[in-house]
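Q: Going down the list, the protein sequences come from chains V and G. First residue of the first sequence? That's 152 in this note's numbering, and the numbers climb one at a time after it. First residue of the second sequence? That's 152 in this note's numbering, and the numbers climb one at a time after it.
Hints listed in this document are in silico derivations from the structure and should not be mistaken for laboratory results. Hints are not guaranteed to be accurate.
Listed below are several chain G residues computed to face chain V (Cβ distance under 10 Å; list not exhaustive) [unchecked claim]:
hint, residue
1, Lys242
2, Asp259
3, Glu267
4, Met296
5, Phe354
6, Arg412
7, Met436
Short, incomplete list of chain G residues facing chain V, as computed with Cβ under 7 Å [unchecked claim]:
hint, residue
8, Thr184
9, Val222
10, Ser277
11, Thr330
12, Pro416
Backbone N, C-alpha and C fix where the C-beta goes; we use that ideal spot for every residue, glycine too.
There are 2 protein chains.
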Amino acid sequence: METSNSRTAPEQGREARHTTGAARLAYFVSDSTGITAETLGSALLANFPGWTFERHTIPFIDTTRAARELVGDMRAASRSRHAPIVFATVKSSEILRELEVSGAFVVDLLRGHLRELEVALGTTASEQLGQYHGVGDIERYFARMRAVEYAIEHDDGQSVRSLDSADVIIIAPSRCGKTPATMYLALQYGLLVANYPLTDDDFPGDGLPQVVASHAARCFGLTTTPLRLSQVRHERRPNSTYSSLAQCTLELRRSEDLYRRNRVPFLNSSTKSVEEMSAVIMQSMRLRT
Amino acid sequence: METSNSRTAPEQGREARHTTGAARLAYFVSDSTGITAETLGSALLANFPGWTFERHTIPFIDTTRAARELVGDMRAASRSRHAPIVFATVKSSEILRELEVSGAFVVDLLRGHLRELEVALGTTASEQLGQYHGVGDIERYFARMRAVEYAIEHDDGQSVRSLDSADVIIIAPSRCGKTPATMYLALQYGLLVANYPLTDDDFPGDGLPQVVASHAARCFGLTTTPLRLSQVRHERRPNSTYSSLAQCTLELRRSEDLYRRNRVPFLNSSTKSVEEMSAVIMQSMRLRT
C-alpha cells in the first residue's frame, strides 16, 4: 500500500492501544450466503493486524424488513462502542440504505464494481439478484457430488479402483495434509482426487509404490518439516515412534528423495493453508481451465 | 441496481449480439490463491447474463516479473478481441500498474476498500501481503483436519461412534445432498458434521431412527422434489425402483412427516447450492459464532 509509507510511530502507538480496548464490531452482510462478504471482508481486515474485530456473518438479508431487524441487533451490540463496520454484498439499494442510515460504516463490495463493469462492457447490470451460488447449473452440482464421493472412496489409499479416472493422486507420508487438500479440490472444483499414503513399506527400491507407479504423471507429493509433522502426529498418537522427530525426519527425507527421483512435483505444506496447497497443485498439474 | 432502471430495448439488443461473438476474456488475478478474486469476480459477472466470458484464474502473481509474463499471455490471448477484464486482488501498487498499463480493464477489488477502512479505523493498512489464507493459525488447520476426518468417518451413517460430539447430524433419504453439505461445513467452518440416511426401515413408527433419536436437537433434515430426486438417483441406478418417481415421492413424504413430527428443522435442497444449504443449516442451528 502506498499510503502505508506515511505511517508514523505515533500512529502505530494508537493502533496498539486499540487492541487492549473492546473489539471493533465487523459484520459481513449479504442477500445470499455471505461467503463473498466474509472472504473479502476478512482479507481486508487482515491488513489491520493491530486491531481486534468481533465478526458476525449475516446471510440472507434480502428484504428491508430483515435489514431493519439486523440494524436493531447491531445497535444493541454496539452500544458504547465505535460504529460497526459492515461489509455488504447486497444488490438492493433500499436494503443498502437501511444499513447506511443506521450509522454503521458500510463498505459496499458490489455496487462500485458493478458500475466499473458497466463502463467496461458498455451496458447496464441486470436487476435480478446475483445467482452465482444458485443451483442453476445442475451439472456442476453433479460434478461436485461425484467428486466428493470419489474423494471419500479413494481417501488414504482405501481403494485403488478407478485410479485411471483420477485428475490427480496426492501422495505423502501420514499427516502431511493429503485429506483436507483432496476434499477441498473435490468440493470447490469438482476434481477427481485420490490420495495414497507413503509408509515404510513403500521405500524398498527407487520407484513409486506399485499401485500408483503407472499413474506417475498424475502424482503430486506433499512434504512438511519434521518438527511440524511430529507436532501433528502427537495430536493423534502422543509419545509414539510414529510421532517421534527421528521417524518423521526419516519418512520426509525418503519421500522427498522419492519425489525427486520420479520427477513428481511436490510442495511443503508446513507454511501453507489448504486453499494455498490446492491452488499450487492445480497450477502445477495444469488442472485450471 | 438503480442504474438498471434506465435500461432500454436497444441496449438489450446490443447485449444479445455480443453473445454470438467471441467470449470476452475475464482474468481473476491474485498475489495469493485467487479464491477471493474468482468468487467476487464471478458474482459480479453474473449480473451480466447476456454475455459470455472466457475465465482464467491466475494465482501467485506476487512479483512484477510474474505480472509482466501474465500481461504477455493476456495480450496473446486477446488479439483481435476486446481488452480483457481483470479482477485483481494484489496489494503491490507496482504489480497493479503492470496490469493497468497493459490496456486491460482492471477492477481493483482491494485498494479502494482498504482506503475506506483506513478512514473508518483512522489508521493506515499494513504493508505486508494479506495473510488471511496463510497457515498462521495452526489451530484452525487442526480443526479443519479433524472435522474432515470426522465427516469421512461419519458419512452415510457409517459410524455412530462419537455422535455425541457432532455439531449437527444431517438426516435425509439417499441422494438429497447430505454428503456435499457435510463436507462443506467441515472444510469451511471446521464443524463436526455427521450424516445419517433415512431408509424404508426408518419409518416403522413416528419417532426418529433410534441411532439419532437421543440427538434430536442436533438433527437437521433435507428434502427435495420427487422429480429432482428421481433424476439424481437415475444417475446412480437408472430405471430402478430406487430411482422411480413413485418411490422418491413416498420417501420424501415420509421424511418430511418425520421432520415435522419431531420438530427437526429442514430445507428443500432442490433449488439450493451446497453453499446456500450450508449457510441455512448454520443459521438454523445457530452454529455461527
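Q: It remains to establish, for every hint, whether it holds in the given structure.
A: Okay, the hints, checked on the actual structure:
The interface hint given for Lys242/G holds, since its Cβ lies 6 Å from the closest Cβ of chain V, which is under the 10 Å cut-off. Because the beta carbon of Asp259/G sits about 9 Å from the nearest beta carbon in chain V, less than 10 Å, this interface hint is met. Look at Glu267/G: its Cβ gets to within about 5 Å of chain V, closer than 10 Å, so that hint holds up. Because the beta carbon of Met296/G sits about 5 Å from the nearest beta carbon in chain V, less than 10 Å, this interface hint is met.
A least Cβ separation of about 25 Å between Phe354/G and chain V goes past the 10 Å threshold, and the interface hint is therefore violated. Given the 10 Å rule on beta carbons, the hint for Arg412/G is violated: about 27 Å separates it from the nearest Cβ of chain V. A cut of 10 Å between beta carbons decides the hint on Met436/G: the least distance to chain V is about 13 Å, and the hint is violated. Taken as an interface hint, Thr184/G checks out: its beta carbon lies about 4 Å from the nearest beta carbon of chain V, inside 7 Å.
With a least beta-carbon distance of about 17 Å to chain V, the hint placing Val222/G at the interface is violated under the 7 Å criterion. For Ser277/G, the suggested interface contact is upheld, since its CB lies about 5 Å from the closest CB of chain V, less than 7 Å. Evaluation of the Thr330/G hint against chain V yields a held restraint, the C-beta minimum of about 6 Å falling below 7 Å. Of the supplied interface hints, the one on Pro416/G is violated, with its beta-carbon coming no nearer than about 15 Å to a beta-carbon of chain V, more than 7 Å.
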